[in-house]
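Enquirer: Sequence:
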Amino acid sequence: MSNFIKSHKWVIIATLIILLQTGASIAAIIEVYILNMLPGKYFAMLIAAFIVLLGITVGIIIPKGKNKGFRYFRRSFGTVMSLVVATVGIVASVYIGHLNNTVSKVSTDANSSNKIGVYVLKDNKADGIDKITDKSFAVTSTYDYENTVVALENIKEETGKDILTTKYETVTDMVDALFRQDVEVVVLNEAYVSILEDLKQYKSFGKKTKIVYEYEVAEEVADVRQPVTNDGDISDDSMAKKPFILYISGSDTRESTLATSRSDVNILAVVNPVSKMVLLINTPRDYYVLTSKAAFWQYDKLTHCGAYGIDCSMDTLGKLYEEEVDYYAQINFDGFSAVIDALGGVTVENDISFTSDDDYFYPKGVVTMDGAHALSFVRERHSFADGDNQRGKNQMKVIKALIAKAKDSTTLLTNYTDILASIEGMFLTNVSTQDMADLVRMQLNDMPDWNVISYSVSGTGASKETFTLPNKKTYVTVPDQASVDKAEELIDRVYAGEILTEEDTIIEDSTTSQGTASQSVTGD
257 MSNFIKSHKW VIIATLIILL QTGASIAAII EVYILNMLPG KYFAMLIAAF IVLLGITVGI
317 IIPKGKNKGF RYFRRSFGTV MSLVVATVGI VASVYIGHLN NTVSKVSTDA NSSNKIGVYV
377 LKDNKADGID KITDKSFAVT STYDYENTVV ALENIKEETG KDILTTKYET VTDMVDALFR
437 QDVEVVVLNE AYVSILEDLK QYKSFGKKTK IVYEYEVAEE VADVRQPVTN DGDISDDSMA
497 KKPFILYISG SDTRESTLAT SRSDVNILAV VNPVSKMVLL INTPRDYYVL TSKAAFWQYD
557 KLTHCGAYGI DCSMDTLGKL YEEEVDYYAQ INFDGFSAVI DALGGVTVEN DISFTSDDDY
617 FYPKGVVTMD GAHALSFVRE RHSFADGDNQ RGKNQMKVIK ALIAKAKDST TLLTNYTDIL
677 ASIEGMFLTN VSTQDMADLV RMQLNDMPDW NVISYSVSGT GASKETFTLP NKKTYVTVPD
737 QASVDKAEEL IDRVYAGEIL TEEDTIIEDS TTSQGTASQS VTGD
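So in the numbering used here, spot 480 of the sequence shown is number 736, and the numbers just go up one at a time.
It is worth saying that the hints were derived from the structure and are not from the lab. Honestly, I wouldn't trust all of these hints.
Taking CB as the label site, the calculated pair distances span [stated by the list, open to error]:
id : residue 1 : residue 2 : range
1  : His354    : Tyr401    : 37 to 45 angstroms
2  : Ala304    : Phe617    : 47 to 55 angstroms
3  : Thr422    : Ala641    : 57 to 65 angstroms
4  : Asp438    : Glu745    : 32 to 40 angstroms
5  : Ser369    : Gln554    : 23 to 31 angstroms
6  : Ile307    : Glu605    : 42 to 50 angstroms
7  : Ile312    : Val622    : 45 to 53 angstroms
8  : Thr422    : Lys620    : 28 to 36 angstroms
9  : Asp615    : Ala304    : 50 to 58 angstroms
10 : Leu339    : Gly296    : 23 to 31 angstroms
11 : Asp615    : Glu721    : 33 to 41 angstroms
12 : Ala551    : Ser369    : 19 to 27 angstroms
Derived DSBU-like pairs: lysine-lysine, alpha-carbon spacing no greater than 35 angstroms straight-line [claimed, not checked]:
id : residue 1 : residue 2
13 : Lys459    : Lys720
14 : Lys381    : Lys417
15 : Lys381    : Lys456
16 : Lys728    : Lys423
Backbone N, C-alpha and C define an ideal beta-carbon position, used for all residues, glycine too.
Make a model of the complete structure from these sequences and hints.
Expert: So, in structure tokens, the structure goes:
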């Protein structure tokens with residue numbers, strides 16, 4: 257046996273090397289197959305390349321030759337070649353496996369949450385929930401009562417004590433009672449704090465109060481995963497085959513997790529993947545709209561809808577434009593900044609030279625920004641005469657820049673994992689993993705040149721009561737109906753397959769043109 261091994265030693269070694277190369281190649285192919293983002297022709301080319309390389313390796317290593325020196329050289333070259341291919345296969349399978357895992361986490365693990373805070377006045381000596389369980393807790397049944405009940409039940413479970421409650425008609429009634437010291441404790445969804453502080457009389461709420469207990473209630477999100485077919489074809493129901501509207505929401509939070517809050521960015525991306533047309537429609541955050549949260553569609557500020565959940569914002573925008581909003585993609589401020597950094601920054605054409613509230617200076621002209629500067633760029637409105645309108649335009653400039661980068665196959669492939677990893681836990685979408693795969697595969701296969709234009713609806717400033725703040729007047733933007741009608745017309749034309757230009761966004765025979773609304777520069 258030892259003589260056999262000795263005489264066939266190289267054959268055994270060569271076989272092990274080839275098996276290593278084959279195993280690494282198969283592992284890489286399987287991971288690419290599971291990912292399902294590589295177009296069929298490229299997947300076939302990948303398999304063919306591994307087979308050809310394997311055949312070449314076998315042809316070099318296995319056969320014997322009479323020339324000992326040449327035979328030694330051939331074996332050495334073949335061994336190095338096989339090990340290089342095996343290494344590439346191993347690295348690729350690990351990388352793509354990580355990508356598969358990241359895609360799964362982003363599309364299934366990200367969940368929004370409601371943070372319920374138990375507030376007392378700042379000078380209250382209580383430093384924990386156990387110190388105030390003998391007090392009556394002020395609650396309101398008109399705003400997020402379901403989550404309030406869940407938080408109270410958890411307090412009871414933790415402390416073993418029944419919690420007495422005093423109900424108030426509205427949140428502001430409840431807070432007024434706290435300020436008057438009629439009650440010592442209020443229970444409030446933390447998303448409502450920023451809404452309260454938009455009103456002058458409650459601007460100091462955060463300074464006057466403190467949280468002695470906090471409970472996080474997960475927001476239920478429908479599981480939209482679809483099985484990956486891997487048949488190489490894209491179904492007619494896929495996002496890659498039919499027009500759709502995607503609601504892009506910027507959550508008004510700066511945390512590593514996504515919490516229910518006001519929506520600071522409200523952009524509809526109307527996409528026709530057949531004509532390769534994208535229309536971005538910006539709706540000002542203060543737009544005075546009929547909200548689906550109210551039983552009889554009462555008026556509220558668009559930004560308030562975000563505090564009731566992403567579905568409320570989608571339904572409200574759908575009602576405004578008389579269109580069904582199909583999908584959403586919500587990201588918070590930290591996630592937005594992380595995406596920009598993962599892409600290596602973005603470049604935009606800046607219309608107006610300004611210094612932001614964060615003391616970042618943006619000169620007029622071409623500006624390249626990292627994540628922090630891009631975030632400040634899209635949030636700024638106090639520096640502009642038309643406030644929210646210019647902010648909306650800047651937000652769409654950055655989205656256009658992101659789309660431009662996504663059109664580059666190199667950027668898409670080299671940064672895809674970093675992009676997804678950077679927003680893990682800070683991004684929420686109802687786009688299925690199958691649709692994600694279809695869209696990426698279509699882009700890599702066709703490398704189309706997308707046409708992207710933007711449009712902003714406008715309005716005039718007013719002071720009105722809202723569903724969220726009844727009996728309190730707050731600043732709103734009353735819609736200019738001509739601009740809303742124009743948005744509806746543009747959406748219909750994109751769905752019909754037309755290729756639009758910026759000139760198509762001009763409203764004819766109207767003194768109200770996009771971006772000319774009178775906007776408030778107060779509030780956040």
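Enquirer: Is it true that the C-beta distance of Ser369 to Gln554 lies inside 23 to 31 angstroms, as the hint says?
Expert: holds (26 angstroms)
Enquirer: Can you let me know if the beta-carbon spacing of Ala304 and Phe617 is within 47 to 55 angstroms?
Expert: Roughly 53 angstroms apart at Cβ, these two residues keep to the hinted range, so it holds.
Enquirer: Hint says 57 to 65 angstroms; check whether the CB-CB distance for Thr422 and Ala641 agrees.
Expert: violated (46 angstroms)
Enquirer: Holds or violated: Lys728 and Lys423, Cα atoms, limit 35 angstroms.
Expert: Distance of about 19 angstroms is within 35 angstroms: holds.
Enquirer: May I ask you to test the hint 23 to 31 angstroms on the CB atoms belonging to Leu339 and Gly296?
Expert: holds (30 angstroms)
Enquirer: Mind checking the hinted window 45 to 53 angstroms against the Cβ distance between Ile312 and Val622?
Expert: holds (48 angstroms)
Enquirer: Kindly confirm whether 42 to 50 angstroms is satisfied by the beta carbon distance between Ile307 and Glu605.
Expert: Since the Cβ atoms of Ile307 and Glu605 sit about 48 angstroms apart, the hinted range of 42 to 50 angstroms holds.
Enquirer: Given the range 32 to 40 angstroms, decide if the beta-carbon distance of Asp438 to Glu745 lies inside it.
Expert: violated (53 angstroms)
Enquirer: State, for the Cβ atoms of His354 and Tyr401, whether the hinted interval 37 to 45 angstroms holds or is violated.
Expert: Taking Cβ atoms as reference, His354 and Tyr401 lie about 43 angstroms apart, which means the hint holds.
Enquirer: If you draw a straight line from the CA of Lys381 to the CA of Lys456, is it 35 angstroms or shorter?
Expert: holds (27 angstroms)
Enquirer: Can you let me know if the beta-carbon spacing of Asp615 and Glu721 is within 33 to 41 angstroms?
Expert: holds (36 angstroms)
Enquirer: Between Thr422 and Lys620, does the C-beta distance stay in 28 to 36 angstroms?
Expert: Since Thr422 and Lys620 have Cβ atoms about 56 angstroms apart, the given range 28 to 36 angstroms is violated.
When each numbered hint is compared with the structure, violations occur for hints 3, 4 and 8.
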